[in-house]
Amino acid sequence: MKRQPMLLACWLLVLLLVGLWIQRELTIGTDLRLFMPAASNAEERFLLQEIGESPGSRLLLIAIQGASVSRLAQLSTELTDALTMAEASGQRLFPLVANGDPERNAIPEHLLPYRYLLTDAATRGALETPALRVALTERLRDLASPAAGAIEPWIARDPTLEALHLADEWLPAKEPQRLQGVWFDAAGQTALLVAQTQAAAFDPPRQAEALARLESEFAAASAGSAATVTVSGPGAFAVLMQHRVSSEAGALGAIASASILLLLFWAYRDLRTVLTGLLPLLSAALVGLAVVTLGFGQVHGITLAFGFTLLGVAQDYPIHLFSHRRPGESAIATANRIWRPLTIGVASTCVAYLAFLVAGVPGLAQLAWFTVAGLLTAGLTTRYLLPRLLPSAPRDPSAAPAFARFATAVGRWPRLGWLPLPLAGAAAVSIFLSATPLWENDLSTLTPVPAELLLQDAQLRRELGAPDVRYLVVVHGASAEAALARTEQQQPLLERLVERGVVGSFDNAAKYLPSPAIQLQRRAALPDAERLQASLAEATHDLPFTDDAFAPFLADVRTARELAPLDISALAGTPLELRVGGMLFERENNWISVTTFSDVRDPAALAAGLADAGEHVSLIDMKRASESLVIRQRDHILTSLGTAALVLTLLIALTLRKIRRAVSILSPMLVTTIVTVAVLQLAGISLGLFHLVALALAAGLGLDYALFFEHSPVATEEQRRTLHAVLLCATSTLLVFVLLGSSSVPVLRSIGITVAVGVTCNFLLAFLVARARVRT
Amino acid sequence: MPFLAQTIIWLLLATVGSQPSRAADASSIIAGLARPLPAATTFRELRFSTMLKEPLMVRGSLEIDADGNMIRRVTDPFTETTKISGDRVAIERDGKTRQFSLRRAPELEGLLAAFRALINGAADELGQRFVVRLQSVDAAHEPSAAAFWRLQLTPRDSRLARRVVSIDVTGTAAEPRCLTLLEPQKAASVLLLGAAASLSLPMPASREALAALCSQG
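Top to bottom, those sequences are chains A and B. One point on numbering: in numbering that gives the first Met the number 0, the residue at position 48 of the first sequence is 47, and numbering is uninterrupted. One point on numbering: in numbering that gives the first Met the number 0, the residue at position 174 of the second sequence is 173, and numbering is uninterrupted.
You can trust all of the hints, since none of them are fake.
Selected chain B positions facing chain A (in silico; Cβ < 10 Å):
#1 E53
#2 P54
#3 F77
#4 T81
#5 I83
#6 G85
#7 V88
#8 A89
#9 R92
#10 A104
#11 L110
#12 L111
Calculated cross-link-like contacts (lysine to any residue; reagent style SDA-like; alpha-carbon spacing at most 25 Å):
#13 B:K185 <-> A:T545
#14 B:K52 <-> A:E529
#15 B:K95 <-> A:R123
#16 B:K95 <-> A:L165
#17 B:K95 <-> A:R156
#18 B:K52 <-> A:T545
#19 B:K95 <-> A:D119
A short list of chain B residues far from chain A (calculated; beta carbon distances all over 10 Å):
#20 A38
#21 A194
#22 L198
#23 M202
If you're looking for bench data, these hints aren't it; they were derived computationally from the structure. Even for Gly, the Cβ is constructed at its ideal location relative to N, Cα and C.
Whole structure, please, built from the sequences with the hints as guidance.
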């Protein structure tokens with residue numbers, strides 16, 4: 000007896016050490032690309048590079064409502080100021096915040112002289128006497144206006160207001176209406192802002208930090224008013240969903256665990272049995288995590304979610320052991336007796352999950368290692384360690400009078416070996432006739448954001464005139480200059496497309512950063528100090544300006560004449576870096592310049608218009624690329640699952656050496672898969688990645704049920720024990736997944752519903768089909 | 000006990016004594032400036048700047064409407080309308096409107112706050128934003144100017160203080176006459192209000208000459 004506590008202590012110690020090691024070593028990844036297949040063409044490669052990184056996906060859309068227009072405008076300005084100020088003090092949270100206020104300084108102080116290379120001031124003649132005269136007369140009026148104090152330093156430096164022209168030019172071509180100078184929605188009730196985060200969209204911890212900052216700044220600005228702020232965008236969703244998934248999964252998990260413990264205690268009436276029964280699953284999870292940590296160093300959040308779902312099968316192993324015990328038989332003997340179906344179950348489930356290994360998707364490979372290591376651990380610990388911890392002379396849990404009566408009653412039910420065929424046929428017909436598309440091709444379903452939030456986001460994007468996320472033009476170049484020059488060459492073509500109404504507007508880096516050639520041309524047109532001085536003197540003749548009023552202006556033009564053209568590296572650390580950097584960037588030694596569009600009205604005409612733009616220019620349809628990625632990802636998974644099913648069939652047939660037995664074991668899970676798909680279709684649900692994983696779990700469970708029903712000898716008592724075991728397995732699984740099915744998070748809900756339907760169907764079919772024949 | 004009582008009475012007397020009486024005077028002057036809204040007056044503004052050889056001069060009207068919005072209309076030598084509502088300033092000239100936040104122009108915000116408080120006759124409101132000093136009412140020295148007063152407002156807020164040195168308001172009895180906004184680096188705006196707007200200006204219109212004009216009873 001003394002060996003039992005020792006063994007338990009050692010087991011727990013090992014688990015504790017492994018747990019501590021994992022906690023120290025493991026980092027949880029959030030990059031969705033881990034779950035994407037490799038790109039097969041330029042379009043998909045671009046999509047994969049840009050998921051979560053593109054400026055559009057880093058954009059948070061901010062809506063402030065619930066106060067008067069003037070108060071909202073004030074809040075908009077204060078929030079923008081606070082976030083910009085935080086940026087200036089070195090916090091890299093929001094490199095770009097915009098609320099439509101054109102007064103905001105677009106160019107950082109030290110780059111100001113570059114304005115004469117960035118605008119066409121010199122080439123349009125703005126620095127010649129007649130234009131200067133007009134501008135200076137206006138500036139005189141500005142000096143007499145109430146804004147004089149604020150703009151006086153600017154007038155001395157920039158009498159032709161080039162910085163303001165730049166800021167105006169850089170405002171999005173299509174923008175929301177401005178009330179009191181800041182962006183508002185069409186109804187005029189919501190102030191709109193955009194903020195670009197430094198963090199990638201799928202980086203919830205850093206997104207959460209940015210959001211917390213935004214909310215605290217808003218709270219400070221709006222103290223004492225009823226105004227509320229809504230933040231939308233991929234980053235906000237990532238944070239929200241992480242929070243919601245983890246809190247709901249936590250709550251549901253706690254309820255499920257408590258219910259299962261109660262159920263097991265009710266079935267076995269022995270606390271020690273129930274508690275030790277948790278050890279194989281716990282070991283499975285920890286060993287699975289340890290293996291993934293060793294192999295990959297980082298585990299994706301989705302791997303964890305899917306992995307723990309799939310590991311659910313392992314909870315059945317101890318139940319089989321407990322329910323199959325006979326009075327007076329040692330637990331080790333019971334384990335020996337059920338070892339055969341248990342081994343086949345563990346081995347075949349492992350084979351099935353190994354299929355994910357060859358799917359060619361890194362995240363799924365992680366999933367395969369995690370589940371296979373976990374299941375093997377659960378199987379082996381149930382076989383070799385768990386029996387040594389159990390009391391030696393148990394009661395027969397299935398012998399309780401009520402259960403015995405139930406078992407006898409259902410035992411008389413006929414075996415319906417023929418049932419699978421018509422059932423599968425009916426389900427197949429129903430799938431064939433269903434109006435619901437079988438597959439969900441939308442990549443966005445991988446991001447489990449509730450539809451109402453997506454709708455709100457789409458509405459905000461529309462109001463803000465945010466660029467179309469579907470169509471993009473990508474220009475490649477060996478250097479930034481080359482890509483920029485090619486983009487600049489496209490401008491006339493793009494402008495024609497705008498004129499023809501094919502697209503509403505376009506935006507690209509060339510709009511902000513003219514190519515070196517153009518900058519040099521403008522620089523050459525800048526007057527020298529003497530000429531500018533003379534023009535200025537002539538222009539200010541009889542105006543009341545002092546002689547040296549415009550010294551800062553003369554100095555800036557003089558500086559600009561010496562400047563090398565502004566390139567993207569000079570923008571580092573400025574708000575412009577992000578704006579331009581989002582549209583002109585280097586990927587794998589190749590410079591990419593992206594043109595975005597707003598309001599694409601005629602995609603076909605857009606494609607036709609760009610058809611002969613050259614080999615370095617390509618129109619990208621992000622939706623098509625993402626759909627083809629999803630389809631290929633699914634094909635990978637389906638192929639691997641199909642291969643797994645074949646291997647599984649062979650494995651079972653070889654082990655059992657009889658086709659008929661193999662058929663009666665495999666048919667429940669195969670038919671269940673078809674029936675489950677049919678039920679989902681009837682409910683109007685298209686299949687996505689989550690459903691496939693859930694179906695794989697249900698199939699694994701079904702296989703176990705059938706194996707045990709088929710294995711148990713015809714002797715009444717043993718069959719009663721198998722019924723007890725399988726019924727308990729099925730009930731506990733059903734409990735967990737019905738709970739998940741009640742979740743408000745779409746992913747959890749779809750896994751829950753799929754597995755719940757699958758388990759029920761699997762149990763019924765395994766009982767009706769696979770049960771050993773009663774010899775009459 | 001008698002000692003304590005004595006001390007309290009002495010302290011009370013000291014508090015009620017000479018120093019706050021001057022503040023009370025300022026309050027009564029400010030209270031006397033109150034106007035029912037909407038209120039309007041003509042103005043002439045002279046803008047001094049280091050960029051300018053001579054001040055710029057514009058004429059027009061200032062109005063505070065029933066909602067507390069301020070409207071400044073320039074009619075001479077060109078037409079321009081500025082409307083300040085809430086935090087927003089909209090300047091319309093030649094059919095084009097430019098808008099900006101008052102936060103971009105703290106001096107304007109300060110001037111506006113002072114103007115509003117004066118037109119409301121709200122001394123305490125003024126006192127929250129500015130240190131208010133009542134200057135040189137010397138009835139004995141200049142008996143005829145008994146009703147003349149000068150209020151000097153110095154910003155309390157450091158942000159405002161960086162852009163505004165002080166705002167001087169002068170007037171006679173319940174009539175404000177001049178409002179002078181002093182900015183750093185010798186920039187200044189002098190607003191001649193009401194009847195003062197149509198006085199003939201000294202030539203050249205230097206700051207000193209205007210100061211003298213504003214101080215005349």
